[in-house]
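Those protein sequence lines, which keep their order, are chains A and B. To convert a position in the first sequence, counted from 1, into the numbering used here, add 384. To convert a position in the second sequence, counted from 1, into the numbering used here, add 76.
Everything labelled a hint here was simulated from the structure, so no lab data went into it. Don't take every hint at face value.
Claimed, not checked - Computed spacing ranges between beta-carbons, pair by pair:
| hint | chain 1 | residue 1 | chain 2 | residue 2 | range |
| --- | --- | --- | --- | --- | --- |
| 1 | B | Glu-652 | A | Ile-502 | 27 to 35 Å |
| 2 | A | Glu-475 | B | Glu-659 | 45 to 53 Å |
| 3 | B | Ser-389 | A | Glu-475 | 50 to 58 Å |
| 4 | A | Leu-457 | B | Met-415 | 45 to 53 Å |
| 5 | B | Glu-185 | A | Leu-521 | 53 to 61 Å |
| 6 | B | Pro-428 | A | Glu-475 | 31 to 39 Å |
| 7 | A | Glu-417 | B | Pro-428 | 39 to 47 Å |
| 8 | A | Glu-475 | B | Gly-182 | 20 to 28 Å |
| 9 | A | Glu-417 | B | Ser-389 | 43 to 51 Å |
| 10 | B | Ile-371 | A | Glu-475 | 15 to 23 Å |
| 11 | A | Leu-457 | B | Pro-428 | 33 to 41 Å |
This one's a predicted model, so the numbers in the text were calculated from it and none came from an experiment. Cβ coordinates follow ideal geometry from the N, Cα and C atoms, glycine included.
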Amino acid sequence: MKEKKEKQEETTQIIVFKLGEEEFGVNILQVREIEKLDQGITRVPKAPHFVEGVINLRGEIIPIVDLRARFGLTIPEIGLNSRVIIVEVGEALVGMLVDAVEEVLRIPVSAIEPAPAITKGVDSYFLAGVAKIGERLIVLLNLERTLSPEEEKELKEAELGVEQ
Amino acid sequence: MDVSQYLNVFMDECQEHLQTLNQSLLALEQEPNNTDILNAIFRAAHTLKGASATMGFNKMSNVTHAMEDVLSLLRQNELQVSAELVNVLFEALDLLEVLAQGIAEGREEDVEIAGVIQRLQKFSSKSQEQEAKAETGSQQERRKTLQLRYLPAEIEQIKKAVEDGLTLYHLHVYLQDECLLKGARAFMILREIEAHGEIVRTIPTSKELEDERFENDFIIGILSKKPLENLVQFLEKMLDVAKVEGEVVNPENLLVERRGGEVTKASSSSPGPDQQKTAHAKAPSNVSPTVRVDIRKLDDLMNLVGELVITRSRLEQLSLEKKDQTLAETVEHLSRLTMDLRDQVLKTRMVPVEHVFSRFPRLVRDLAKETGKEVHLEISGAETELDRTVIDEIADPLVHIIRNSVDHGIEKPEERKAAGKPLPGVVALNAYQAGNNVIIEVTDDGAGLNLDKIKSKALERGIVTEEVLENMSEEDVMNLIFLPGFSTSDKVTDISGRGVGMDVVKTKITNLGGIVELSSQPGEGTKITIRLPLTLAIIQTLIVQLGNEVFAIPSTLIDQTISVAKKDIKMLRNREVTFYRGEVIPLIRLQEFLEVPEARNTAQDELDVVVISNGERRVGFVVDTLLRQQDVVIKSLGKYLGNIPGIAGATILGNGKIALILDLRSVA
Chain A
385 MKEKKEKQEE
395 TTQIIVFKLG
405 EEEFGVNILQ
415 VREIEKLDQG
425 ITRVPKAPHF
435 VEGVINLRGE
445 IIPIVDLRAR
455 FGLTIPEIGL
465 NSRVIIVEVG
475 EALVGMLVDA
485 VEEVLRIPVS
495 AIEPAPAITK
505 GVDSYFLAGV
515 AKIGERLIVL
525 LNLERTLSPE
535 EEKELKEAEL
545 GVEQ
Chain B
77 MDVSQYLNVF
87 MDECQEHLQT
97 LNQSLLALEQ
107 EPNNTDILNA
117 IFRAAHTLKG
127 ASATMGFNKM
137 SNVTHAMEDV
147 LSLLRQNELQ
157 VSAELVNVLF
167 EALDLLEVLA
177 QGIAEGREED
187 VEIAGVIQRL
197 QKFSSKSQEQ
207 EAKAETGSQQ
217 ERRKTLQLRY
227 LPAEIEQIKK
237 AVEDGLTLYH
247 LHVYLQDECL
257 LKGARAFMIL
267 REIEAHGEIV
277 RTIPTSKELE
287 DERFENDFII
297 GILSKKPLEN
307 LVQFLEKMLD
317 VAKVEGEVVN
327 PENLLVERRG
337 GEVTKASSSS
347 PGPDQQKTAH
357 AKAPSNVSPT
367 VRVDIRKLDD
377 LMNLVGELVI
387 TRSRLEQLSL
397 EKKDQTLAET
407 VEHLSRLTMD
417 LRDQVLKTRM
427 VPVEHVFSRF
437 PRLVRDLAKE
447 TGKEVHLEIS
457 GAETELDRTV
467 IDEIADPLVH
477 IIRNSVDHGI
487 EKPEERKAAG
497 KPLPGVVALN
507 AYQAGNNVII
517 EVTDDGAGLN
527 LDKIKSKALE
537 RGIVTEEVLE
547 NMSEEDVMNL
557 IFLPGFSTSD
567 KVTDISGRGV
577 GMDVVKTKIT
587 NLGGIVELSS
597 QPGEGTKITI
607 RLPLTLAIIQ
617 TLIVQLGNEV
627 FAIPSTLIDQ
637 TISVAKKDIK
647 MLRNREVTFY
657 RGEVIPLIRL
667 QEFLEVPEAR
677 NTAQDELDVV
687 VISNGERRVG
697 FVVDTLLRQQ
707 DVVIKSLGKY
717 LGNIPGIAGA
727 TILGNGKIAL
737 ILDLRSVA
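Chain B extracted, bound-state conformation (with noise of 0.2 Å):
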């Protein structure tokens, strides 16, 4: 079977399940006895087997069948949830995301299963010996482990049959050991019996009966008119049957049997079908109706919908030349509609940043457990909604920042205690909304930035000189760390050391149009911000002229715009410069850089500076004149033209002009 094209859906599936299975296990360790729990990882687990061998990945399919079979032991109570197992778990939930991996890159089979599928069979084969001891316990405790449960509906029709004069039975029937061709046996007693009554239920149940799966021994549920002395000699006749013991059973007292396995006693004060009824209702509601669609689609819709943006700035001007009341009345109700589709195409593109925090106990928890240190992961504001693009940039940079938080900022316990701190240590991690960015904060309250550390190392990389440093503010000082090939950490630990540093951090979120901050206060821990747009496919930007040519600064790299005198210009080192706050920054004369031929700034005597921040850098841009603010779709300028320095995109103005847009950071 050519399953390619189903690849797509199965990935999403999987990355969903995979997700699942992370939370419902996390969760697990905190509450090992919560059936609900163990019944969703057994689902995802279940689902992605089926998933997996219909497309035809054995090896992805193997552990999830290894998984199941240890699941379904912890469902029956036959094993109980250990430290120890949940490792394992998330052992063979690590093994499975590489295996997605591989599947994605077309390489399952080079990943090795062997080690985890024995881990996990250890524990399965544990129980069964249990099970096999348990066997040669009393007969008394056999009889526990095969009690009949009935579905609610079931139980009214037996209570309606013990109205109307039948009596309910529970046969326990005993096979002799010699028995051979067990399951023939067990099905020729239920078919000579149900001559004699109705049977409700057995268990095991009539298939497995059939099938052979079971010991020596079965229960059987039936109504019938006849006295169980009866019963019980017709069936100690039969051929093969050691011994049977009857009973007549309250049909009050029936154990329920609920969707999951959950067991519980009926009582008449709540009716079975209610039950059912309610059990059902709740499962839908669990499930929003959905759609996949791919991600280019909706790219493709938002060009669209950007096309159809700029049409209305067209037929904007078009109905003001014409100054007709009808025509302008239409316009500005096809405005209002463009506008609200954009918006709600905008929408249809957030996903919640749920997405990526839901990874982070997990890391939290494994980083705790390496460092030995004791770290509770709080989070607040997952609901908070980013554009697709941007969540799936951001979750490399967070991972980055919260390893920090764990390996170099909480304390290891002794050191809280000796501080008087409390245990665990906390990192929070917080979204919210603030008009078009979404801020996320990663606060830790550990020891805080140790300024000493930094500015030592520093000097030992060679990332500043003595001088400078003295003259530097605390928080320039902080800022250091964002600087390529700095690392505070003294050893090189599995968990920071991996030569990328915050640098890369800082240089992924500013790509995404973002900024980062750092605050920190020794002995009271440290905050990241995080601003991010809350969407790549549309940015605020600056509209400049130069010459005849218009350009689009975006709005993220600027840190104001000021007007310069003339006079105010001043020469270093053959390069033009100004004083900005307090400090020297060059001037670059944007038309030098672009090739403008008919700039006019240079005959003016006040000068529009756009002040463009990278880093610790500060660059003012000459340009002719600053238009306006703008919000504008981004398009590529293609394959064809590819990486040009300096020009992030293009966009198209509301007179259909194109204007590009400039990333000035290269240059700064």
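The following block holds chain A by itself, in its conformation from the complex (with noise of 0.2 Å):
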């Protein structure tokens, strides 16, 4: 989906998910998988500010970022709705704190465009782009800064400017 070719046969597939009212989208190939969050997150003092704790996989400890907070963003309940979507990021397992998993949602890939400075009130730093379908807006993340535990200099760098 970085790659913008402008064939209308190539699509590529994306979880929607909600912060929020606002909707936004990861690439399905880098989801292992969505979890209800039964057995409560488990806190981890000194942990970075936005990493909510750890849950138990099947015996395997995944540590849980609250995109609400990574983003900057109000820091709503824990709900009903909740879900932890599991992603592969490097060779690590991450678990993101969502408000509610929507679709799985197929879009073509010309639907995708570079993300503004600030969308919907999030730095254009964690974004790869959005994907305007119809009315709808989906924000889509890059996981690989959204989930870097090295917030703080990269966000500084983000703040200045600087592109990696």
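Join the two chains, each given in its own frame, into one complex according to the hints.
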């Protein structure tokens, strides 16, 4: 989805989820599974502030990142619809805490456009682009940046407009 | 050929052979005439040569080849074991270890090998000179080197043939010096003589003869019906033959060749075939069938078993609720199987400490030579088993302790004599299992720790003040050597003065969940005791509660758990303190460090306190409730979270919840 080819047939699949009322998407190839929060999250003191804690995924300890905290949005309560999307980043498995998972969507690659500097309150540093599907505007995440634990350094670079 | 996939197997084998070489060379130094040891060394060098050549590690194969040349001369008694020779062989072994390291790191090419090979070749060429000299000696001597030996089966065959009326002759054929194409000539001779009888054996072998790998003469062992004179005359008539000596041989007096080249006389009381049988039967018994398994696979297995143990606990809870007799029995059975499985998996990870201990005789030998001391290393309990991961980690600290024992502990020979102590000095290495721990003791009968020296050094280094020193017990003074930046040796020696102190030893062992203790008697020696957990994968913990959260504290870190009344808490420089074993220790409310919001201990009158010992410092951590002791499977928090200070990992409890394992030393 990073390449923008004009062929109409070329599509990509994304998983659409909600943070508040806004719709976000991640490439389905990076998603391992989607979990409910049955067991609750174990808090990890001294961890980065956007790490909500860890969960037990069939014996594996998986860190959970709260995307709202990561993007500096208001922090919601964990509700009935809250889900954890387990994604693979580098060699690590990380869970993203989202308010709800909506659907799997097949979108044409041509519908993806570069994200404006700030989209729905999220810095474009974290974004891979914006998909316009009819009336809907789905913000696509750059998971490597979104989930990088070295937030401060990279955030600063983002503010200074330094591209890596 | 892409050999990368075989590299691990090669490295494993390589380590094994290097270890064999090390042990056998040490043994050879003690028993220079033991052919078994020599054969073991030869085999190891030979296998290593073959393996490294196959893998394309030319430097290693060159070094082993040079070693092999020297060793094969030793085996043929053409070279004698000398101290100088053993030193060069050790040097070669060290070089092989460097090469192995280099291969592992992909920089074998950087290692310089020419010097060692040259020194090895000095020995192999020396003996060739001697051989050349021997050749000019009398023929009587020459004959001694050419002796026909037979396999036991061949001797049986000869005995039968003799019973059938044949005679065994040894025909010693000398070719003319000017003979060209000696190999072809020898081949012709063998073919011609074959018409007159059955050739049992020749020396050199017929293959060697054909390849012209012989001097000027050879012996044929032949069974024939014809008289000796006829055969000798027949041979003497042949072209290029200078002389033939023939003799009739009694089959009862034949020399037997056995595997390994050992020579014994066959006698009718111990017939050949039996000997061969025992030789064959012996060989396989030395090798126990094993499978090499990647340690990571065992880790995975251990994790799965850990999961099983947790699921079992859940099942047990469910069956208690259901109150069904059959279910309860089945769950009970499952429980037992699970625990057996866990024990077995743990056992597969166990390795005898011999793996580490085996390198120490060499270490002590070298150290003793360097320092001019006489030291004997006694090893006991080498069969004691420890988890593989612990074994790998324990080697360096032990090396350091043993270095210290030889360098600082054992006195010079003249000092020992003056003190009326026996020579050599003894460093004893002892391992044994005690419950869930393995104890390793390093004892020396040297001078013991010099307390005054430690005190003055500690003052000089500014580690303690004079006032503090005065109030210290002898034990406390001794323990000063575990503090960073301490070294009792006045001079920096090659052995102990590498800037690595006992503090590093202590840190490493504590990181393994172990404990180091020290005791010493002036003039009688020092004893260092290391207590290690059997395995790193499963540790014993104390489960504590704070607010609504539970945490696990490794039992090895805990000094004691105490109950402190609120009135016994005093304030000192704005910090809470209390009395513990006659000393004032700081109290830390664990919730402050762990940022637990709803801890209840602030409102309690009696506080549960876990006292953690971090070297000399003791700190009390206040929790809400002590729940229970529990063995837990350690899991890492993963790369994403990385190292978080104060948290050693996590574990999954019986109810499926995660409890963090606290490493409170960094807080204390």
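Now the hints, each set against the structure:
A beta carbon spacing of about 48 Å between Glu-652 of chain B and Ile-502 of chain A contradicts the range 27 to 35 Å that was offered as a hint. Between Glu-475 of chain A and Glu-659 of chain B the Cβ separation comes to about 47 Å, which falls inside the hinted range of 45 to 53 Å. The hinted window of 50 to 58 Å between Ser-389 of chain B and Glu-475 of chain A is violated, with their beta carbons roughly 31 Å apart. The given range of 45 to 53 Å is respected by Leu-457 of chain A and Met-415 of chain B, whose C-beta atoms sit roughly 49 Å from each other.
Judged by the Cβ atoms, the range 53 to 61 Å given for Glu-185 of chain B and Leu-521 of chain A holds: they are separated by roughly 59 Å. Look at Pro-428 of chain B against Glu-475 of chain A: about 34 Å separates their beta carbons, and that is inside 31 to 39 Å. Here the CB-CB span from Glu-417 of chain A to Pro-428 of chain B is close to 43 Å, well matched to the stated 39 to 47 Å. Take Glu-475 of chain A and Gly-182 of chain B: their Cβ atoms lie about 22 Å apart, and the range 20 to 28 Å holds.
Take Glu-417 of chain A and Ser-389 of chain B: their Cβ atoms lie about 25 Å apart, and the range 43 to 51 Å is violated. A hinted range of 15 to 23 Å for the beta carbons of Ile-371 of chain B and Glu-475 of chain A is consistent with their spacing of about 19 Å. At about 58 Å, the CB distance of Leu-457 of chain A to Pro-428 of chain B disagrees with the hint of 33 to 41 Å.
Of the numbered hints listed earlier, those contradicted by the structure are 1, 3, 9, 11.
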